[in-house]
Amino acid sequence: MSASESGDTGSGGRFTLARLKLGGGLGRALNELTIVVGFVAISLYLAVTTPAFLSTANILSILLASSLIGIVAVGETFVIVTSGIDLSVGSVVAFTGVMTGLAIHAHFPVPLAVLTGIGIGAFCGAFNAFAITVLNMSPFIVTLAVLAMARGLAFIVTNGNTIFDFPDSFDNIGGGNLGPLPIAALIAAVVFLAAWVLLSRTVLGAEIYAVGGNREAARLAGIPVTRTLSVVYIISGALAGLGGVVLAGRLDSAQPIAAVGLELNAIAAVVIGGASLFGGKGSVLGTLLGVLIIGLINNGLTLKNVQPFWVQFIQGAVIFGAVLVDSLNQKRRGRV
Amino acid sequence: MSASESGDTGSGGRFTLARLKLGGGLGRALNELTIVVGFVAISLYLAVTTPAFLSTANILSILLASSLIGIVAVGETFVIVTSGIDLSVGSVVAFTGVMTGLAIHAHFPVPLAVLTGIGIGAFCGAFNAFAITVLNMSPFIVTLAVLAMARGLAFIVTNGNTIFDFPDSFDNIGGGNLGPLPIAALIAAVVFLAAWVLLSRTVLGAEIYAVGGNREAARLAGIPVTRTLSVVYIISGALAGLGGVVLAGRLDSAQPIAAVGLELNAIAAVVIGGASLFGGKGSVLGTLLGVLIIGLINNGLTLKNVQPFWVQFIQGAVIFGAVLVDSLNQKRRGRV
Amino acid sequence: MATLLEMHGISKSFPGVRALADVSITLERGEVLGIVGENGAGKSTLMKVLAGAYRADEGRVLLDGAEFAPRGPRDALDAGIVVIHQELSLVPDQTVAENIYLGNLPRNPLGMVRRAVLHRNSRALLARVGLDIAPGMPVRRLGIAQQQLVEIARALSREARVIVMDEPTATLTIAEQRILFATVADLRRAGIGIVFISHHLEEIFEICDRVTVMRDGVTVATRPVAEWDEAGLIQAMVNRPISALFPPRTSSIGAPMLEVEGLSSTGRFSDVSLTVRAGEVVGLGGLMGAGRTEVLKAIYGAMPDTTGTLRIDGRPVRTRNPREAIAAGIAFVPEDRKGEGLVLPFAVRDNVALSTLDRLAWLRMFSAAGRTDRLATDAVGELRIRTPGIGTKVGSLSGGNQQKVVLARALTTHPRVFLLDEPTRGIDVGAKVEVYRLIGELAAQGGAVLVVSSDMLELLGLCDRILVMRGGRLAGGIEREAFSQERIMALAALG
Amino acid sequence: PAAAQQPAVVGYSVSTLANPFFQGMTKGVVTGIKAHPGLTLINTSANGDANTQATQVLDLINQHVAALILNPINANAIVPVVRRANKAHIPVFTLDRGAACGKCQVNFLETDNVALGKEGADFIAGRLKARYGTIKGNVVDLEGLLGTTAGDDRERGFATEFAKLSSANPGLKLVARQAADFDADKGFNITTQLLAAHNDIDAIFNGNDDNAIGAVRAIRQANRFVPIGDPKHIVVIGIDGTEQGLSAIRKGQMDATLSQNPLTMAAQTVNYIEQYLHGDKAGIPAHQFWPHVLLTKDNLDTPEVKQYGLWGDQVAAQ
Ligand SMILES: Nc1ncnc2c1ncn2[C@@H]1O[C@H](COP(=O)(O)OP(=O)(O)OP(=O)(O)O)[C@@H](O)[C@H]1O
Ligand SMILES: Nc1ncnc2c1ncn2[C@@H]1O[C@H](COP(=O)(O)OP(=O)(O)OP(=O)(O)O)[C@@H](O)[C@H]1O
Ligand SMILES: [Mg+2]
Ligand SMILES: [Mg+2]
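Protein chains in written order, with the working numbering: chain A, 1 to 336; chain B, 1001 to 1336; chain C, 2001 to 2495; chain D, 3001 to 3318.
Derived from the structure by calculation, the hints contain no laboratory data. A virtual CB, placed ideally from N, CA and C, is assigned to each residue, including glycine.
Here are some chain B residues the structure puts well away from chain A; computed CB gaps all over 10 angstroms:
| no. | residue |
| --- | --- |
| 1 | V1036 |
| 2 | V1048 |
| 3 | A1126 |
| 4 | D1165 |
| 5 | W1196 |
| 6 | R1227 |
| 7 | V1231 |
List time: in silico EDC-like cross-link candidates among lysine to aspartate or glutamate, alpha-carbon distance up to 20 angstroms:
| no. | chain 1 | residue 1 | chain 2 | residue 2 |
| --- | --- | --- | --- | --- |
| 8 | D | K3087 | A | D168 |
| 9 | D | K3164 | D | D3122 |
| 10 | C | K2338 | A | E216 |
| 11 | C | K2338 | B | E1216 |
| 12 | D | K3103 | A | D165 |
With the hints as extra help, turn the sequences into a complete structure.
Laid out in structure tokens, this is it:
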């Protein structure tokens, strides 16, 4: 970064702009997120070339489609900010989904069944946290092992069968609407908002960044590192549990094979949103953009009737392009 | 990277290995790799409980089954030591496999077809390298995009079909024997040996560790960082290409869908072998152990005819256990 | 009233090293206790034990007469023991304010950060340490000296009974040092006990009430400052007499060796032209942030987007990257040894060999362990690097010894032009003398030395000529005959 | 007349293309649509993820397609979007796998996977009987990907029949049951290790032809291949009839496969759609099993089989 830029950071354009427009944090945050350029570019392209894109139904469908990965990616954001990784989320979604389904079939009232799902997710997160903090194991290995174990458990408890046929009151969580709005998207919105407050406004959030940015400095400054890390993995697990509930509701069924590979998509969304796997960086707003970019790409591929063989290639190319814009932008602005 | 991480960063075996003199040297190197305890534990358990385990045929079958992931994991080791990641290897295996198959069908002589496959893999690696070093993009995103693009290309060039029916001279690369030894395992052995020499005994190897350990210090010390990183990704791509050749030969066919998820297994092997995703740490010997541990687990599950629903769970639990032994061992020895 | 702090019989070992052996110190309220000693004497380790960062193997600590056994840094902080660690411990991607209040953010009952309070308080603290930057700026963008001031501000933000300053001035220039000393005086008046560690003995004499000397993990002596003189202190530290700090400048100065013309880097510095002749030691002075580091990096090819021309021995050279600079005979010692100088997970041996990997190699390809070991052993011996062995991880050496490893590495490429950025930062008197002697020898052998230092006495003692930078430009130069602190300050600050 | 100019858009969602069978099905849909000038296609693949499929189908509904051809990943998980389609009055035709809501689909053209598994067991029993005079021997079961209908139903069919057979014939043993995930390389690795552990394997049942190809290659690699008819020959049977499977049968490396025909099956669905859009709803059956055949070297090139269609060869030829 050039000295002139750093020199006027305090009072220069950045802050003025922020104050003018959005009253502080949000404007500043958006300004930091150059990936916004990629997001806007993709949206514009689709809006101009595809008449159906801007319809309310289509936009709501994008939001609905993004809600599961969004919920999970929020948890992943916390973990990645601490320089950790949670590979178990996809399997935990499947496992909590079938457990919730079994709870429903065992005549748990819906709210209790939902809490069961979230609670089992949180328990998986706590297991990850214990192994990482107390047993001092690498997050990659721990969550990879839990990826396999949770998936295995999902098969074991269901005997490989799909659990299905839930009451509407449950299905609505994932598949219902409130007025015109998909409830799952509303839940995701609440999760994003809460996470945004937590990460960018609270002391715990600042401690999460500190632990990720320099663990030893955080420890020396008296930040309870173990507790912070534990909270983070438990949040990630609990949100995967919520994801399992939402998915089971949406599909009126829970399958042990659900959400395979979801972790990679969630991590991708977080990284597209500007987080670094080395920790200390990343934001909920960035993750939101990352999730929406992925949702936009998938939606665009369907709307434009791209032939399936080309779909993966174009998905890859568009992600590459969107992030390329971002990194060239950063380079131009001398932030390398 | 956090300070505490750096605190327990073992010298990754390199410098110890560099002085390996088969006497005390190897002992010390192995001592560094505490994962050896997990490896021995699993082997002993299988030897005692499963009569068939120690037969020559079975041990060769483990080596054969480990050869593909081994070849790919070697490339991944290089990348991870530089604190990068290569998610594209599984797709590159598939893409180079079908390209090699198409070359064979286009009547390329076998050696040329093999070189084509390896070359295309190297090209994919060069693409990764270019985006990472010159365009300054994050390795995670770049290789994720290439994961999608290479997979897409594999479908596009084959129109989704399986390419099959190759001459025996080609098939033998992956599925033939030299005396009692599977050729694929021999190839993997050569790859491991070459990689071990390269990483632990050459200037380039030392530079790779330095770039992973502290990129800025390496740059200021005059190490050509861009070149080093490029070499590393190209090696990874080329080895994935070799993997594609081996796989196509073994199955006498190349499918665009082959090797899905192989990257995660390869990365797991490297991390089980003691590497850190934060770079500067890891060794070829460690990766070999990691690959063999995964091979042992799968072999044990087959020999003991574990019911499929339990397979994943047990895979996860055993990996967890093996690495737990390792990390408790490190803790006991005060290296935390 | 009980003594504020007593540490009794503290021992602490690391694998292969006995860092502390039965060390005892005491500290009264309102007292400044100086601790001096060679690199690796155990000063920082002792303070880390106090801070709860390490647990002692033996010994006990009494705080206000009560047993004090911290289980972690949190306990120590809660007891009012605040340590400014020698190694910077900041979070680069957080803001200055967040770093000042790291672990101690002002919060409302909902657990939210009270940002207005945070920034108001931070601004006040920044003013107190003389740092004029916005509290919202990410620490990543600060130079190393500014980061040190942020650390000091953090210490001031805490409710402290004991403040430990482990080489707080190592990176500071005289102006910030004055502000710091004024602050120390305030703290002392408030009855806070202060432990002050420094390799700058004049600072010790200026602000300390008592001085403890440590050597090889034991306390050699503790006496009131009045009972020490400089020679005695040095003698106690290094256990051998040291005649003169600075070697006499005797080398004969020859033809221009390094010529820099019109060197500019947008937004960083502009139009810097300077010449260093063979056998000459030129100092580069200036206030923090004047751009000295960046000029050195630009010459070394480590700064993108620079313009200007470079000649060595009259021949134009291009240094587009450090590799080319090394090939052209330039060596560079960075100021930030952890971030830019060392590969911390590597052994001492491999850090020393980092710039000469191919030269040491067999066929320029295969590592030659024997040659590498010999090179490293020689370097450890020559620079008296205190390490259990060349296979020891460099990260576990004391700060000063780490610095010597960086110096050793820079010398392995047989350079003729030496760019030294704060080369004696954090190293002890004995080692300093060795570095000065080394610089003298480099010059005597016909090398050209350009040295940046914030230690004005060092510049005055060491150099043949001093250039002063201000705001990214060369403000002027002073020949040895005209050397004086006042002239340097005048060029650096006023113009 | 207006409708004739404006072709009706058919939305298609296939569960995955990661398997030749579904590629065949997709090609069947594509060629079927081409054969009807009044129809065009939006072609999507869900990549094996039920949630992705729900989203894709919703996107198709939002585009007001005239009809939907769905190859569901899971019969239950597809139900909510099928109901959405019903609400939007878009007729749903399911292929290979149905939606678990009966009348919510106009036509459900099914592969009887349970029967495929059962017939696989019977085939092996027949070969063993021919070899030993009684039904006995050691059998390996390489099942498909857990959690998929094709994998699970075939396994169920095989396991039920095998249990019946072995209780009647005590000499018939299942020496191993492992999931090879429809992945040739997994099939190869597992078979290699089983061959190392057991030198008396008589037959291997495979959840699909890719598994079978892995087994065939492993037998060759282990030098355990002997031609069909030799008492030491290891019987290998797959399911699907992929091009490579047919080729292996022709070469005598593999004994048999149970083949459906996704091309004709998909074409039939398109025909039903055409029929439906022209108002002839009565002639469309609600549910139908698409026939399958057992293919061996002996019958592979007979007219009856030609008549049924070797989709593996046809797809590759296109
Ligand atoms: N974490 C550690 N692991 C191993 N050895 C260590 C560690 N920390 C310190 N040491 C060793 O303990 C001894 C004392 O180191 P310490 O950092 O306390 O010295 P110091 O007096 O502060 O020196 P300096 O003036 O260079 O800062 C040294 O030999 C050092 O190598
Ligand atoms: N990486 C960077 N990004 C942004 N600004 C920087 C960076 N490095 C240095 N600066 C700023 O550039 C200016 C010049 O810094 P430089 O380090 O060259 O000064 P210096 O004279 O060497 O002082 P110091 O004593 O701090 O080393 C300072 O304002 C510093 O904050
Ligand atoms: Mg110290
Ligand atoms: Mg500087």
